[in-house]
Amino acid sequence: MLICPRCEQAYLLKAKIKKNNEVIFLCEECEAMWLENQDVDLLNFADFSTYLVSHNLQPLWDEIDIL
Numbered sequence: 001m002l003i004c005p006r007c008e009q010a011y012l013l014k015a016k017i018k019k020n021n022e023v024i025f026l027c028e029e030c031e032a033m034w035l036e037n038q039d040v041d042l043l044n045f046a047d048f049s050t051y052l053v054s055h056n057l058q059p060l061w062d063e064i065d066i067l
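In the numbering used here, the protein residues as written are 1 to 67.
These are calculated hints, taken from the structure and not from any lab test.
Don't take each hint at face value.
[As the list claims (entries may be wrong)] Straight-line alpha carbon distances no greater than 16 Å define the calculated EDC-like cross-link-like pairs of lysine to aspartate or glutamate that follow: (1) Lys14 - Glu28; (2) Lys16 - Asp41; (3) Lys18 - Asp65; (4) Lys14 - Asp39; (5) Lys14 - Asp62; (6) Lys14 - Glu29; (7) Lys14 - Glu63; (8) Lys16 - Asp65; (9) Lys16 - Glu63; (10) Lys18 - Asp62; (11) Lys18 - Glu63; (12) Lys18 - Glu36; (13) Lys16 - Glu31; (14) Lys14 - Asp65; (15) Lys16 - Asp62; (16) Lys19 - Asp65; (17) Lys14 - Glu31; (18) Lys16 - Glu28; (19) Lys14 - Glu36; (20) Lys19 - Asp62; (21) Lys19 - Glu63.
Start from the sequences and build out the full structure, keeping to the hints where you can.
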């Protein structure tokens, strides 16, 4: 398990966005998010809520399944 490089406070969860089947890594503390094919580092995270809204999804954890 990886510790979030952004907040260093929580482990990253592996999850799948239900509506587009994208696999992501998500920090449950600060909601930093990485796509599965990205390097997990401080330079390339996205904000989970912002990412969902930009894909016409509700910024809610109900939009994902934890893997």
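### Query
Of the hints given before, which are not true for this structure?
Hint 2 alone not satisfied by this model.
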